[in-house]
Amino acid sequence: MPSVCFYFQVHQPCRLRHYTVFDKDHKYFDDSKNKSICRKVANKCYLPANRLILDLIRQNNGKFKVAYSITGVLLEQLAEYAPEVMSTFDALAQTGCVEFLAETYYHSLSFLYSRNEFKEQIYKHIETIERLFGVRPKVFRNTELIYSNDLVDVIESMGIFDGILTEGADKILGGRSPNFIYTSPRSSRIKLLLKNYTLSDDIAFRFSNRDWCEWPLMAYKFSDWVNKVNGNGYNVNLFMDYETFGEHQWEDTGIFDFMRHLPGEIMKHPDNNFKTPSEVIASYPATDILDVPNVISWADTERDLSAWLGNPLQSSALHELYRMEQQVKLTGDSAILTDWRKLQTSDHFYYMCTKYFADGDVHKYFNPYDSPYDSYINFMNVMGNLEKRYKARLKTNTAVTGG
Amino acid sequence: MKVFMLGWEFPPFISGGLGTACYGLTKALSKMGLEVTFVLPRSISMGSHSTHVQMRTPADINDSDINLVEYERNLKNIKFKAIDSPLKPYASNEAYRREIEAMIRAKQQRCGAGKAVETNCLDSLAHYAGDMYTEVHRYAASSVKLALQEDFDVIHAHDWMTFPAGMAVAAVTGKPLIVHIHSTEFDRSGENVNQMIYDIERAGMHAADKIIAVSFLTRNIIISRYGITGDKVEVVYNGVERNGNGLSFNRIGINKDEKIVLFLGRITMQKGPEYFLGAAKKVLEVMDNVKFVMAGSGDMMRKAVELAANLGIGSKVLFTGFLRGEDVRKVYEMADLYVMTSVSEPFGIAPLEALNNDVPVLISRQSGVSEVLTHVLKADFWDVNEIANKIVAVLKYPPLQMALREHGNYEVRKLKWDDAAQKCMQIYNQLSASTVCV
Numbered sequence: 001m002p003s004v005c006f007y008f009q010v011h012q013p014c015r016l017r018h019y020t021v022f023d024k025d026h027k028y029f030d031d032s033k034n035k036s037i038c039r040k041v042a043n044k045c046y047l048p049a050n051r052l053i054l055d056l057i058r059q060n061n062g063k064f065k066v067a068y069s070i071t072g073v074l075l076e077q078l079a080e081y082a083p084e085v086m087s088t089f090d091a092l093a094q095t096g097c098v099e100f101l102a103e104t105y106y107h108s109l110s111f112l113y114s115r116n117e118f119k120e121q122i123y124k125h126i127e128t129i130e131r132l133f134g135v136r137p138k139v140f141r142n143t144e145l146i147y148s149n150d151l152v153d154v155i156e157s158m159g160i161f162d163g164i165l166t167e168g169a170d171k172i173l174g175g176r177s178p179n180f181i182y183t184s185p186r187s188s189r190i191k192l193l194l195k196n197y198t199l200s201d202d203i204a205f206r207f208s209n210r211d212w213c214e215w216p217l218m219a220y221k222f223s224d225w226v227n228k229v230n231g232n233g234y235n236v237n238l239f240m241d242y243e244t245f246g247e248h249q250w251e252d253t254g255i256f257d258f259m260r261h262l263p264g265e266i267m268k269h270p271d272n273n274f275k276t277p278s279e280v281i282a283s284y285p286a287t288d289i290l291d292v293p294n295v296i297s298w299a300d301t302e303r304d305l306s307a308w309l310g311n312p313l314q315s316s317a318l319h320e321l322y323r324m325e326q327q328v329k330l331t332g333d334s335a336i337l338t339d340w341r342k343l344q345t346s347d348h349f350y351y352m353c354t355k356y357f358a359d360g361d362v363h364k365y366f367n368p369y370d371s372p373y374d375s376y377i378n379f380m381n382v383m384g385n386l387e388k389r390y391k392a393r394l395k396t397n398t399a400v401t402g403g
Numbered sequence: 001m002k003v004f005m006l007g008w009e010f011p012p013f014i015s016g017g018l019g020t021a022c023y024g025l026t027k028a029l030s031k032m033g034l035e036v037t038f039v040l041p042r043s044i045s046m047g048s049h050s051t052h053v054q055m056r057t058p059a060d061i062n063d064s065d066i067n068l069v070e071y072e073r074n075l076k077n078i079k080f081k082a083i084d085s086p087l088k089p090y091a092s093n094e095a096y097r098r099e100i101e102a103m104i105r106a107k108q109q110r111c112g113a114g115k116a117v118e119t120n121c122l123d124s125l126a127h128y129a130g131d132m133y134t135e136v137h138r139y140a141a142s143s144v145k146l147a148l149q150e151d152f153d154v155i156h157a158h159d160w161m162t163f164p165a166g167m168a169v170a171a172v173t174g175k176p177l178i179v180h181i182h183s184t185e186f187d188r189s190g191e192n193v194n195q196m197i198y199d200i201e202r203a204g205m206h207a208a209d210k211i212i213a214v215s216f217l218t219r220n221i222i223i224s225r226y227g228i229t230g231d232k233v234e235v236v237y238n239g240v241e242r243n244g245n246g247l248s249f250n251r252i253g254i255n256k257d258e259k260i261v262l263f264l265g266r267i268t269m270q271k272g273p274e275y276f277l278g279a280a281k282k283v284l285e286v287m288d289n290v291k292f293v294m295a296g297s298g299d300m301m302r303k304a305v306e307l308a309a310n311l312g313i314g315s316k317v318l319f320t321g322f323l324r325g326e327d328v329r330k331v332y333e334m335a336d337l338y339v340m341t342s343v344s345e346p347f348g349i350a351p352l353e354a355l356n357n358d359v360p361v362l363i364s365r366q367s368g369v370s371e372v373l374t375h376v377l378k379a380d381f382w383d384v385n386e387i388a389n390k391i392v393a394v395l396k397y398p399p400l401q402m403a404l405r406e407h408g409n410y411e412v413r414k415l416k417w418d419d420a421a422q423k424c425m426q427i428y429n430q431l432s433a434s435t436v437c438v
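Which chain is which? The protein sequence lines are A and B, in order. For the first sequence, position 22 (counting from the first letter as 1) is numbered 22 according to the numbering used here, and the numbering increases by one without interruption. For the second sequence, position 242 (counting from the first letter as 1) is numbered 242 according to the numbering used here, and the numbering increases by one without interruption.
Next up, chain A with everything else stripped away, as it sits in the complex:
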């Protein structure tokens, strides 16, 4: 009976340019770097992966289904730097086998700092997705799968969502299986889909690891693991970054071939099928209640917020940023508002993480800075300029209204 539910996170941040305390202009973002990275990832991942998924949907006559969450910051970049990717996503949307999820437009941590801003960004994202792909998202995923009971309150109060995706962390499951649907003590209406992190990470992280005893991972072997869920689970949620295909796992690791064969292998077992998150929610009842008083995420082994909030640099930068909210919004200046929002993307704070910095690992791979300190300095310089900017704007606003 297991329904395999694929969800791919599709995101690229808007990286900052090198900005010193002596810089005065308002050009904060490194357009040429963002463009070249966007084009590179489009060619290595988005385009070939989209074509593959499209092929698989057609070959399997609509029985293969997936879900995407594409951030607003990436959609903007794709429209500008790689419009061909947008057409392939559009083609995917037309198949009816693809669900688009909702998240904060700027891939932000706003849930932790400003519920107002959080909701505004979700609305902005929903509207964008509807405008681009003609469907209105019904399922929400928060940045980095950050989740707690409180998130359910906010999401339920918006009245537009049926479910939330989050991490199947051991500490919240307490021995229970991630392969069922759960609800929160705060709401019986909102359903929770939990990432099966073992099977997800077999693909996303371990696939090309030659020290892994299961290497090389073949589609039939993986299908066997999925089949084992048969009888003790409804759904197997495979949640991962879309960049797994071609970017984190390079093409020569065989990741695309693996994916090409996976649907066929999975559906060899007559009880298996593929479902989108909304279909999973509609198909199965909730089996238990998950109480999550403390915030979790899908990051690192800790599954907590320490990758974004673990040191004084990160928390000071975040506090300073959200402290500006009211003033920024008071200006009524859309350029200032957009810049402020682009600074909220979680990656900026991830770059400041000192946790594994000295060891050099996955954190380093994604980091455009030499050190977390450099990223903090750069960020604070930009924020310093933004602060001057909105203050000046507010001053002219009062002068105008006053005069």
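It should be emphasised that the hints constitute simulated quantities derived from the structure, not laboratory data. Hints should not be assumed to be uniformly reliable.
As the list claims (entries may be wrong) - Below, a sample of chain B positions facing chain A; criterion: calculated Cβ distance under 10 Å:
#: 1; residue: 285
#: 2; residue: 376
#: 3; residue: 388
#: 4; residue: 398
#: 5; residue: 400
#: 6; residue: 404
#: 7; residue: 407
To be verified - A few chain A positions that, by computed beta-carbon distances, are all more than 12 Å from chain B:
#: 8; residue: 62
#: 9; residue: 92
#: 10; residue: 119
#: 11; residue: 157
#: 12; residue: 158
#: 13; residue: 177
#: 14; residue: 252
#: 15; residue: 326
#: 16; residue: 392
Backbone N, C-alpha and C define an ideal beta-carbon position, used for all residues, glycine too.
Following the hints, position chain B against chain A.
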């Protein structure tokens, strides 16, 4: 394992990192049970000829300063052999050479043929006369005499001044020679190298069986500037003595009126004082309540004072002169940030000491120590704008200062002299095992 070690300075008679390094290394070797004979010139007079190295000699310092008990406890396997050089003056360079050659001949007759090559390099140096040359070679001659009375397995020579001694001892005894490069003439003098020193360095490196470089930066210089093959050069990073008081929490909350940015080191071309001052000028454009302290002395001191005045920041820059002991501790206590703008720094022990004293550091990328430290700020020495940018950030954002201090203080503990000694030990073992002629 017995080591015949040749050094030029040892605490408290130090002018820079070399003495500190020799102390740390020998202490750790001693802990591992190795016997080290450390040969040190007791009284040397470099006079005004010393433009690249500044020396403190025993004559300048009261003997009662040395805590002999403490020394003996820490360095129990180390025998010090001081060469009281002025008491055995050689009449001339010629006389010195005759003596050395006579000794080498005597040894060669005992040992059979071979090992004649090393004497050539002494020939090539012979036409440089002058005090430095005389001193270096006087030290060499005395070392050879000492070596003949000692029993040891390897020779370990620190920096160019001891290389002639190292080469001579190796030639006489046939023991393997390791030269340890703490700094090269290119680091100290840029492109204006002193040819005599370069020649000594080069001869020492070529004569050596193994070269220890204090960083990959230095290893690259050795390979590219001295024509040495890579397989002969090992990198052994320096360590740091854990002598700080740990995080002194009482500092937090001290409300000073002014921020202090510290430069501590010799004020010489190598240390890039003009870049420090250039950055200071830029910082003062956006911040007012900052003082820049330049602690140290050197041949560019006067130029630095003039430059500060010309930049119009004279009142914001304080020159303290050479500091030691308690004064160094005090200046660290006051500092908000330590800045090292070295143009070429083979290693750089000073930033480690700053971190040890809870001071965050900004170091030039052109330094060996930047290969081992991650929780520090880095900039290219010439990038005055970026140096200033980072100084401002540290002064402006307390969380940054705190994070750098906490992580840096922790990271610096991982740099242990024990690890450096372990690596030296491996090299000793390799060499003494492969030596056939003893």
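Against the structure, the hints:
Look at residue 285 of chain B: its Cβ gets to within about 8 Å of chain A, closer than 10 Å, so that hint holds up. For residue 376 of chain B, the interface hint holds, the least distance from its beta-carbon to any beta-carbon of chain A being 8 Å, beneath 10 Å. A cut of 10 Å between beta carbons decides the hint on residue 388 of chain B: the least distance to chain A is about 7 Å, and the hint holds. Evaluation of the residue 398 of chain B hint against chain A yields a held restraint, the C-beta minimum of about 8 Å falling below 10 Å.
For residue 400 of chain B, the suggested interface contact is upheld, since its CB lies about 6 Å from the closest CB of chain A, less than 10 Å. This hint holds: residue 404 of chain B has a C-beta 6 Å from the nearest C-beta of chain A, less than the 10 Å allowed. Using the Cβ-Cβ criterion of 10 Å, the hint placing residue 407 of chain B at the interface with chain A is satisfied: the shortest such distance is roughly 6 Å. With a least CB separation of 51 Å from chain B, residue 62 of chain A remains clear of the 12 Å interface cut-off, as annotated.
Every beta carbon of chain B lies more than 12 Å from that of residue 92 of chain A, the smallest distance being close to 42 Å; the non-interface claim holds. Residue-level check passed: residue 119 of chain A sits 29 Å from the nearest beta carbon of chain B, beyond 12 Å. For residue 157 of chain A, the condition that its CB be more than 12 Å from all CB atoms of chain B holds, with the nearest at approximately 34 Å. With a least CB separation of 34 Å from chain B, residue 158 of chain A remains clear of the 12 Å interface cut-off, as annotated.
Under the 12 Å C-beta cut-off, the non-interface status given to residue 177 of chain A relative to chain B holds; the minimum distance is some 40 Å. Residue-level check passed: residue 252 of chain A sits 31 Å from the nearest beta carbon of chain B, beyond 12 Å. Residue 326 of chain A, annotated as away from the interface, keeps every beta carbon of chain B farther than 12 Å; the closest lies near 22 Å. The non-interface label for residue 392 of chain A is consistent with chain B: the shortest C-beta to C-beta separation is roughly 17 Å, beyond 12 Å.
Checked against the numbered hints listed earlier, the structure breaks none of them; every hint is satisfied.
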